[in-house]
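Going line by line, the protein sequences match chains A and B. The first sequence begins at 793 in our numbering and counts up one residue at a time. The second sequence begins at 1185 in our numbering and counts up one residue at a time.
Treat the hints with caution; some may be incorrect.
Only part of the chain B face toward chain A is listed, based on derived beta-carbon distances under 10 Å [as the list claims (entries may be wrong)]:
#1 Ala1197
#2 Met1374
#3 Gly1375
#4 Tyr1403
#5 Glu1445
For the record, the hints were derived by calculation from the structure and aren't laboratory data. All residues carry an ideal CB built from backbone N, CA and C; glycine is no exception.
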Amino acid sequence: MKKLLFLLLAGIVAATTAPALAQDTIKIGLMCPLTGSWAAEGKDMKQIVELLADQVNNQGGLLGKEVKVVIGDDGGDPRTAALAAQRMATRDVAAVVGTYGSSITEASQNIYASANIIQVANGSTAVRLTEKGLPYFFRTCPRDDEQGRVAVKTLLDSGYENIAILHDNTTYAKGLADEAKKLLDKKDVNIVFFDALTPGEQDYGTILSKMKTKDPDVVFFTGYYPEAGLMLRQKMEKGWDVPFIGGDATNNPDLVKIAGNKAAEGFRFLSPPVPGDLPTKEAREFLDAYKARYQTTPGSIWAVLAGDGFRVIVEAIKQTQSTDTQKMADYLHDEMEGFPGLTGDIAFNEKGDRIGDVYRVYRVDADGNFVLME
Amino acid sequence: MEQFFTQLTNGLAVGGIYALIALGYTMVYGVLKLINFAHGDLFTIGAYLGLTLLTSLALTDHIGGIAGVILLAVMAMGLVGIIGILLDRAAYKPLRTSPRLSAVVSALGASIVLSNTIMLVYGPSTRVYPQGLLPGQVFYIFGLPVPVMRFVILGASIALMIGLYVFIQRTKIGTAIRAAAIDQDAARLMGINVDRVIMLVFFIGPALGGAAGVMVGLYYGQITFTMGWIYGLKAFTAAILGGIGNIPGAMVGGLLLGVIEALGATYISMAWKDAIAFFVLILILIVRPTGLLGERVAEKI
């Protein structure tokens, strides 16, 4: 045990004295929750970024140098994250990927900003993070308000003109419903119905009958799967065949169990794709490599977005031929366009938010499976 | 107008279930002047026991369709009735001579114990009844589509309620229950075994709640361990609305509450549905503090 401790200490000393001879490495930081309640996410993030770094090194490295991943554990806790960020800032990293939770990222944002280090967050969807005007902050995940935009796009693309919006008065569902309504109000469609149901009940006959009198082309329900399942079933019993579209809180296989295959068929919902459904060639190659090395697939999309964070940093260093923060940030803001990420094309707007749709539309097929719609 | 009738049938279907659960509250209150807050959880237990019986015995495979469903409901009613008697023994009987408040607190505690027991036994996630046991036909009244099962639920509720009413009014045991409701000491002096009567009341009330649980499970398909709370609250409101302690009052109160909710949601606001129902309750209690059919002195139950 003592020997182990000594080796560990020696390792830490070696790691911290390394910068002196670091001429031939480029360091990229990864801040992730390796302990705490989100440790599973953090483990996936670490494995993904390390795999990608090895791939870069196998192809000759970056600017002729070896890429080295410096890992900091944020513990899924804002205080631990602030300490981890301060340590990371002293370790000569070109940029930092991470992290998962919004409040954790928020605790580290200003530390990286004052150290002039680029930060690319991967799972932090709170809108306010990019509303602070930080010049070196980016994120590869969607914002909470993006789901509303994708919902509206889906509704409009399907050609619906009379739309009913139903929420359940929870903060999340009402927020999504309000966002969708705000966007739809600007378009040439009618919102014929906007109201809330009481979650936890079992008879939604009243609500369905009331909506039916407004004769909508589609119902957009932003609440959770138990109510969605019950409504699908009761709608079929009434012989009403209006299509339903749900938000990402309806993404749960129990929905089909509650509604039954027949009633659930044709139900569509928005959700970030599960890693196995990622559409691009890059994603498939990456997933194969990941499976070969770790014998499993990443658990969630958020960890894969950390991989995209790493890849955009590498791309920025490659394109600008430097690790200068300002040059890289300018490239990411202005020049990067349609970069083929693992989760689809990547570009950033002036706030550092990702442009483009991460949300996908899923459809329930006749056997009750969730199928990604192209 | 079409809208009005559609919503009326929606309201009556939900109201029938409220009424059936309200009967359990009202019977226990009538005899013991005790509000059995654990009644909603007995209803939940009925739904879960129905699911267990259905999946483990494969009843409907052997007997088939409607007969199997009825047998299932009867079995669940019996089991929930026995649980009701045990509940009385454990939580209420030791407090029979204590102040009424103690028994109410004990009832709240029993409710928490029961709902958490269900969670530990069956798990916290939603459970789903197998589908296709009930006829899914829709039939048309004046061109309005109404699922057959809504009528079946309403009909079954009303049949159970009428059966109970006849039992209480016409049989000897029913007379004993009514006597115990009026004055327990006097009933005892007349040779009525009041303890036996109380036991019977704690069998019938929960059994009706269990029947409602099975009906909800069969029709809506989805059950959770917390559903007893919302149904219990509504049924309690229905019992108060009709005049607690009064059997026809529970029926009227339940159906009325269902209809008020449905019409309030339709013509005023859906999000305010519960608020509207409770507002009507307050109005009725201001005008008639004993509830619609409750009488000040006359016999309860």
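Structure-based check of each hint:
no. : hint    : verdict
1   : Ala1197 : holds (7 Å)
2   : Met1374 : violated (45 Å)
3   : Gly1375 : violated (46 Å)
4   : Tyr1403 : holds (8 Å)
5   : Glu1445 : holds (7 Å)
Hint compliance for this structure: hints 2 and 3 are not met, and every other hint is.
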